[in-house]
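From first to last, the protein sequence lines stand for chains S and B.
Sequential numbering from 1 applies to the first sequence in full-length UniProt numbering.
Sequential numbering from 1 applies to the second sequence in full-length UniProt numbering.
Warning: the hint list may mix true and false statements.
Here are the in silico distance ranges between beta carbons for each label pair [unchecked claim]: (1) Arg501(S) - Gly61(B): 55 to 61 Å; (2) Arg58(S) - Asn110(B): 44 to 50 Å; (3) Ile499(S) - Ala303(B): 56 to 62 Å.
Reference listing, derived: stretches of chain S covered by chain B, where coverage requires no fewer than 3 residues with Cβ under 8 Å from a Cβ of chain B [claimed, not checked]: (4) 224–235; (5) 250–263.
I should point out that these hints are in silico values taken from the structure, not numbers from a laboratory.
Cβ atoms here follow ideal geometry from the backbone N, Cα and C, with glycine treated the same way.
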Amino acid sequence: MTRRLPRKDAVIVGLGWTGSIMALELARSGLDVVAIERGPWRDTATDFNIGTAPDELRYAVRHDIFLRTRQETLTMRNNSSQTALPIRRWGSFLPGNGVGGAGSHWNGQTWRFLPDDFRLRSHMVERYGEGIMPEGHQIQDWPMSYDELEPFYDKFEYVAGISGKAGNIKGQVQPGGNPFEGARERDYPTPPMKQGYSQELFTKAAKEMGLHPFPRPSANLSAAYTNPYGCSMAPCTYCGFCERFGCSNYSKSSPQTCVLPALVREPNFEARTECEVTKVQLSRDGKTATGVVYVDANGEEWEQPADLVLLCAYGLFNVRLMLLSGIGKPYDASTGEGVVGRNYAYQTGSGATAFFDNVNFNPFAAAGSLGAALDDYNSDNFDHGPHGFVGGASITNAYTNGRPIQYRPTPRGTPNWGSAWKKAVRETYQRVTNVGAQGSVMSYRANYLDLDPTYKDQLGRPLMRMTFDFQPNEIKMANWMAERCEAIAKAMGAKTTQINRLNTPWNVVPYQSTHNTGGTVAGTDPKTSVLNRYLQSWDVPNVFVMGASTFPQNAGYNPTGTVGALTYWALDAIQKKYLKSPGALVQQ
Amino acid sequence: MSAIVKTTRTGQARGLRSLLALGLLAVGGPALADSDNYVEIMRGRALATAGDCVACHTAPGGTPFAGGLALQTPFGAIMTPNLTPDIATGIGSWSADDFARAMHEGKRPNGTRLYPAFPYPSYTKVTRADADAIYAYLRSLEPVSNTVNRNTLPFPFNIRASMGVWNGLFFTAGEFKPDPAKSEEYNRGGYLVEGLGHCGVCHTPMNALGANKSDHHLEGGVVDNWTAPNITNDAQAGLGKWTVDEVVQYLKVGQARGVLASGPMKDVVENSTSKMADADLKAMAVYLKTRGAAGSPAPGALAANDSRMKIGEAIFVDTCAACHVRSGEGIPHVFPKLAGATIATQDDPASLIHIVITGGQGAATATHPTAPAMPSFGFRLSDEQIAAVVTYVRNSWGNAAAPVTADAVKAIRGKVSGAAD
Numbered sequence: 001m002t003r004r005l006p007r008k009d010a011v012i013v014g015l016g017w018t019g020s021i022m023a024l025e026l027a028r029s030g031l032d033v034v035a036i037e038r039g040p041w042r043d044t045a046t047d048f049n050i051g052t053a054p055d056e057l058r059y060a061v062r063h064d065i066f067l068r069t070r071q072e073t074l075t076m077r078n079n080s081s082q083t084a085l086p087i088r089r090w091g092s093f094l095p096g097n098g099v100g101g102a103g104s105h106w107n108g109q110t111w112r113f114l115p116d117d118f119r120l121r122s123h124m125v126e127r128y129g130e131g132i133m134p135e136g137h138q139i140q141d142w143p144m145s146y147d148e149l150e151p152f153y154d155k156f157e158y159v160a161g162i163s164g165k166a167g168n169i170k171g172q173v174q175p176g177g178n179p180f181e182g183a184r185e186r187d188y189p190t191p192p193m194k195q196g197y198s199q200e201l202f203t204k205a206a207k208e209m210g211l212h213p214f215p216r217p218s219a220n221l222s223a224a225y226t227n228p229y230g231c232s233m234a235p236c237t238y239c240g241f242c243e244r245f246g247c248s249n250y251s252k253s254s255p256q257t258c259v260l261p262a263l264v265r266e267p268n269f270e271a272r273t274e275c276e277v278t279k280v281q282l283s284r285d286g287k288t289a290t291g292v293v294y295v296d297a298n299g300e301e302w303e304q305p306a307d308l309v310l311l312c313a314y315g316l317f318n319v320r321l322m323l324l325s326g327i328g329k330p331y332d333a334s335t336g337e338g339v340v341g342r343n344y345a346y347q348t349g350s351g352a353t354a355f356f357d358n359v360n361f362n363p364f365a366a367a368g369s370l371g372a373a374l375d376d377y378n379s380d381n382f383d384h385g386p387h388g389f390v391g392g393a394s395i396t397n398a399y400t401n402g403r404p405i406q407y408r409p410t411p412r413g414t415p416n417w418g419s420a421w422k423k424a425v426r427e428t429y430q431r432v433t434n435v436g437a438q439g440s441v442m443s444y445r446a447n448y449l450d451l452d453p454t455y456k457d458q459l460g461r462p463l464m465r466m467t468f469d470f471q472p473n474e475i476k477m478a479n480w481m482a483e484r485c486e487a488i489a490k491a492m493g494a495k496t497t498q499i500n501r502l503n504t505p506w507n508v509v510p511y512q513s514t515h516n517t518g519g520t521v522a523g524t525d526p527k528t529s530v531l532n533r534y535l536q537s538w539d540v541p542n543v544f545v546m547g548a549s550t551f552p553q554n555a556g557y558n559p560t561g562t563v564g565a566l567t568y569w570a571l572d573a574i575q576k577k578y579l580k581s582p583g584a585l586v587q588q
Numbered sequence: 001m002s003a004i005v006k007t008t009r010t011g012q013a014r015g016l017r018s019l020l021a022l023g024l025l026a027v028g029g030p031a032l033a034d035s036d037n038y039v040e041i042m043r044g045r046a047l048a049t050a051g052d053c054v055a056c057h058t059a060p061g062g063t064p065f066a067g068g069l070a071l072q073t074p075f076g077a078i079m080t081p082n083l084t085p086d087i088a089t090g091i092g093s094w095s096a097d098d099f100a101r102a103m104h105e106g107k108r109p110n111g112t113r114l115y116p117a118f119p120y121p122s123y124t125k126v127t128r129a130d131a132d133a134i135y136a137y138l139r140s141l142e143p144v145s146n147t148v149n150r151n152t153l154p155f156p157f158n159i160r161a162s163m164g165v166w167n168g169l170f171f172t173a174g175e176f177k178p179d180p181a182k183s184e185e186y187n188r189g190g191y192l193v194e195g196l197g198h199c200g201v202c203h204t205p206m207n208a209l210g211a212n213k214s215d216h217h218l219e220g221g222v223v224d225n226w227t228a229p230n231i232t233n234d235a236q237a238g239l240g241k242w243t244v245d246e247v248v249q250y251l252k253v254g255q256a257r258g259v260l261a262s263g264p265m266k267d268v269v270e271n272s273t274s275k276m277a278d279a280d281l282k283a284m285a286v287y288l289k290t291r292g293a294a295g296s297p298a299p300g301a302l303a304a305n306d307s308r309m310k311i312g313e314a315i316f317v318d319t320c321a322a323c324h325v326r327s328g329e330g331i332p333h334v335f336p337k338l339a340g341a342t343i344a345t346q347d348d349p350a351s352l353i354h355i356v357i358t359g360g361q362g363a364a365t366a367t368h369p370t371a372p373a374m375p376s377f378g379f380r381l382s383d384e385q386i387a388a389v390v391t392y393v394r395n396s397w398g399n400a401a402a403p404v405t406a407d408a409v410k411a412i413r414g415k416v417s418g419a420a421d
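The following block holds chain S by itself, in its conformation from the complex:
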């Protein structure tokens, strides 16, 4: 029997970056807020003890702080002619679990998308004509502009204490920064991280090629910092245990370091952990959410009534919760109708590996976001006319880690074991670097998320099915980028290089990127979007959805900076408009 709890003003599903920011700000607005998180509570010193936190086997290999596939998994296929099968072990992407979510185990690259990214379709058609758009695409403009988001990017960066070098302050290009970035009001809160020798070579070579390298923006802090919430952080020690790990040194921006210390002091906030929300409860006419239903660790089911429901889980799980709750019309790939699950997108990875003589790159002195990057080939920063593809990539030279189990680079063709392998590992470890391209993926009619017809979770609910493959536009783009990367690697002085093309079909096994986007897209037209420009459900206006599931298509950057900016953007609308007059903020 489902037991009904006393009403709250707002219920938040998931307590990662977006959920914790929403909870803090709404609690401070005077609302009674409860956050429901299916994973455990996680706290820096007790859960990420420096004596055990850098345990590669436990965290990176055995996925200690990730979602258990027994809790929730996906079924996957490359195209709709195939039968999807459940993922039994996370590979291509790594969903987080517990308080802090993926925000506690991320690498920390914190980008702003480029102004053109927000009106990609309009911009490309204006510049190149309709003919450049790839076959089967569903590329859409975002429902808000870069300029509208700028103050909220700024807010998130100052909460997270991001280390970087501005490239454009109020329209003035800044030496040493990214000249392609949108105008920002002020510089980053903390200076860029110290770069390594490999990045020195990259920066020099790129400049000589007429490109525009800069230190990439980082949530691994370069300096001690106290954010506007009063939360304090310490400088990064370059230990190289970021992605897949919690940071024990209070050096990586996360909900734990940046938001939760302030949030837990709010008397009208409550967190319920190890409680899984199973659906959003709707009124009889389906036009209003009345709260959520969740199951606690004892298997007891509870109904939590609330006036405002905020879906702040990982993007993929927000999509599934919308589908399971019947909010918005599910996308049907055969007709192209419906919206929930539409425009799922991912990212490409390609590049070149560079082998040197007589260098010591010291890859163990690393950090998740340490590195130099360039944006000359991202978005529409270059003329796409001669190339016949849409999209682009940020190009980076970086060491995220030199960890002993999984960082064992060897040249292609080396045996996988034995003395020849050992010899190659020994020779390569200090002398190899990588120039990588993280590329955009457009949205297509053929790539989508829906409920699986066969497989169910432990609570009997259908799993979500992912249908995805790289399309010809992305393959072309990624492989062209790989050649640009190889040219830079050669200019750095590599003795030999090895080009890394995009592997197709997309394979769920090797790690690629946790940057899944789309499924609950924000837009201006209810026929092609689930949410309006304030990330509010068109169909159920007291439901808002945060996270990268709101992106109409993906860009050539890591998503967290934009996810943070969108959260503050939606929050602003909730505080200034919605709470004064609850209802649809955009009329259909």
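With chain S held as given, fit chain B onto it using these hints.
Leaving out everything else, chain B in the frame of chain S:
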């Protein structure tokens, strides 16, 4: 859908509202104060905050002031009583005179004696008017029925009458006597430090019978295996190098001079001093800066090539330097500065040993909510290793203090356990 009700929830408004609600309840029950006492109740609340009454009179996870905390003393655990106005189990039947007698004489209404774990030797200095205000505040609380076992001490300490003898030896009743030659601020500080603040209970060493050694007043003590440091103006181990403003800042936010309040002082800052008026904190600082300036002379630091120092240094570099920094400078607001930290140079190294074994957490206050924590290292460092690293910290970067033995570590390890708290 129903509209979301926007409420203004400042702390003050909340406090006021709950008090008004209690005022209404009072019509039906004599145990509750009536709302006409608002000013008196607010004054009492501030005084109870300065006395940190809530810290001892609240069980873990229990209702504030309802008692039931097992207070550890060298003689056994004493369960703290219920201070809510419940007639059967709290102070509901107490008169203001009864309450004042407990504060000033250490006696319950029936004449039985309280143990000095309740710091009546300090509270005797509180004025009757202030005791009455605290009484008025406690009477405004909602009564909670919570029966507490008040007889947990083993023989012979369970004989309360023996406290009469103890009092004869160690207790002097009487309100605080201001020094007319000193400033009003100094006297206010003295009243708070020596009276309600009962700073000396922890920060003064105890004799074998559990009484503070009056000839070493505020020169540091040990409480629950933590060192309560010397808080006189002694330059080596005390507050000599601290300015009045730094002392105020430490009490207000739990951090100053790169030092973070932790251990039992974390609770004092969070419950009590961070909520006190700045003027009161300044008065306390002014008073403390006049106490016992002449301490023992600074010893010489151990030589860097001493084998204990070399082992300690190696452990420090591997285990501690990522946070506290190779130079011992720490990181502002997050990792305490060890160079020049008086906790490192106390005669008694208990706090350093304790925190290496169990870890610990800094105080969280409204302006500095982070409460950074140090994890425990007891699970992987041996007694010898802890002794070496603590010796190294006590004798590096300008610090100088006696070396620590593995036996000293072993003794503390036997008494502390658990993860960071």
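Structure-based check of all given hints:
no. : hint                              : in the structure
1   : Arg501(S) - Gly61(B): 55 to 61 Å  : 59 Å, holds
2   : Arg58(S) - Asn110(B): 44 to 50 Å  : 59 Å, violated
3   : Ile499(S) - Ala303(B): 56 to 62 Å : 59 Å, holds
4   : 224–235                           : holds (count 9)
5   : 250–263                           : holds (count 4)
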